[in-house]
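Q: Take a look at the letters that make up each chain.
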Amino acid sequence: MLIKDFYYVENHTAESDGSHVYTVKLNANHSVYQGHFPERHITPGVCNIQMIKECIEDATSKRLTFTAIDRCRLTAMVTPEGSPILNIKVQTDPADTSKVSATIFYGDTTYMTLSGIVAEKQ
Amino acid sequence: MAKTVLYAGDGIKTFIPQREPMLMVDKLFSVSDTDVETGLTVTESNIFVENGVFAETGLIEHIAQSAATFAGYNDWINHRPIVLGYIAEIKKFALQASLPKVGDNIETAMSVISQAMNITLMNAESKINGATVAVCKMKIFMDK
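Chains as they are written, first to last, in the numbering used here: chain H, 1 to 122; chain E, 1001 to 1144.
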């Protein structure tokens, strides 16, 4: 985990379609929120991307870098108080495992969708 | 030749609401109503640094805060309050070189592609020593 104790993985399921769903709990006391923002705690969008990457790393047992992000949409605001539990669904393309897609959701709310390309760290 | 710096370090805090440990812009080189040039020197203590390497997510945050610096400066110069801005969308991010390392000076140039209501779409290119490290397009939502 790049940013230590930013979140905790509560559950992990490998689905029959090859995707993996991680349930994570955000750490509302993390120092990131002292700076983002002092008067209003909002989970930085890039921290959502980082969590997605770390879930893909866990699912594939590889250390990865996003070399491309074709599209990443932030469709709802994540806050550690308002949305402390998140599901992160990650999938790699069976035909080309460098192609990945991910969704962060909880209940009926989708927080982020992402499609990109990963490469193994040197 | 070193670039002229308009604002550096704490001076950036006039324009953006982010604070340590999430402050990812430490220099403002130039700014207009359509363009901005910012910088960040990668330090060992940066929260996005692991084993001396600056993660791509840190680089994306640096680009997002460069857009926020652009918006914040233009609000400040026009006597408007500085508002919170969020990434709404990242498109066509491409890493074109190795990730930045501790000690590297990242310089980012951004320009407005379109602006409508509270959404600004900008083009971004980040360089180290004149070589492109990453490009992307970023849509920023300003919470006005």
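Hints were generated in silico from the structure; no laboratory data involved. Be aware that a few hints might be false.
[Stated by the list, open to error] Under 10 Å between C-beta atoms, here's a sample of chain H residues computed to sit facing chain E:
1) Ile3
2) Arg40
3) Gln50
4) Arg73
5) Ile85
[Said to hold, decoys possible] Okay, derived cross-link-like pairs now, DSS-like style, lysine-lysine, Cα gap no bigger than 27 Å in a straight line:
6) Lys89(H) / Lys1139(E)
7) Lys1101(E) / Lys4(H)
8) Lys89(H) / Lys1127(E)
9) Lys89(H) / Lys99(H)
10) Lys121(H) / Lys1137(E)
11) Lys121(H) / Lys1091(E)
12) Lys99(H) / Lys1127(E)
13) Lys4(H) / Lys1013(E)
In this text the structure is predicted, and so the values were computed from the model without any measurement. The beta-carbon is built from N, C-alpha and C at its ideal position, and this holds for glycine as well.
Q: Mind checking the alpha carbons of Lys4(H) and Lys1013(E) for me, to see if they're no more than 27 Å apart?
A: holds (26 Å)
Q: Regarding the hint that Ile85(H) lies at the interface with chain E, is the smallest CB-CB distance below 10 Å?
A: This interface hint is violated because 21 Å lies over the 10 Å limit.
Q: Hint validation: Gln50(H) versus chain E, beta carbon distance must be below 10 Å. Holds or violated?
A: Since chain E brings a Cβ to about 5 Å from Gln50(H), closer than 10 Å, the hint holds.
Q: Is it true that the CA of Lys121(H) sits at most 27 Å from the CA of Lys1137(E)?
A: holds (24 Å)
Q: Does Arg40(H) pass the interface check with chain E, least Cβ-Cβ distance below 10 Å?
A: holds (7 Å)
Q: Is the hinted pair Lys1101(E) and Lys4(H) satisfied, with a Cα-Cα distance of at most 27 Å?
A: With Cα atoms ~20 Å apart, Lys1101(E) and Lys4(H) stay inside 27 Å; holds.
Q: Given Ile3(H) as an interface hint, is its Cβ closer than 10 Å to any Cβ of chain E?
A: At about 6 Å, which falls below the 10 Å cut-off, the nearest Cβ of chain E leaves the hint on Ile3(H) intact, so it holds.
Q: Checking one constraint from the list: CA of Lys121(H) to CA of Lys1091(E), max 27 Å. Satisfied?
A: holds (23 Å)
Q: Quickly compare the C-alpha distance for Lys99(H) and Lys1127(E) to 27 Å and report which way the hint goes.
A: It holds: about 26 Å lies between the C-alpha atoms, which stays within 27 Å.
Q: Is it true that the CA of Lys89(H) sits at most 27 Å from the CA of Lys99(H)?
A: Holds, at roughly 14 Å.
Q: Can Arg73(H) be said to touch chain E, with a Cβ gap under 10 Å?
A: It holds, given that the least Cβ distance between Arg73(H) and chain E is near 5 Å, below 10 Å.
Q: Mind checking the alpha carbons of Lys89(H) and Lys1127(E) for me, to see if they're no more than 27 Å apart?
A: violated (33 Å)
This entry does not satisfy hints 5 and 8, going by the numbered hints stated previously.
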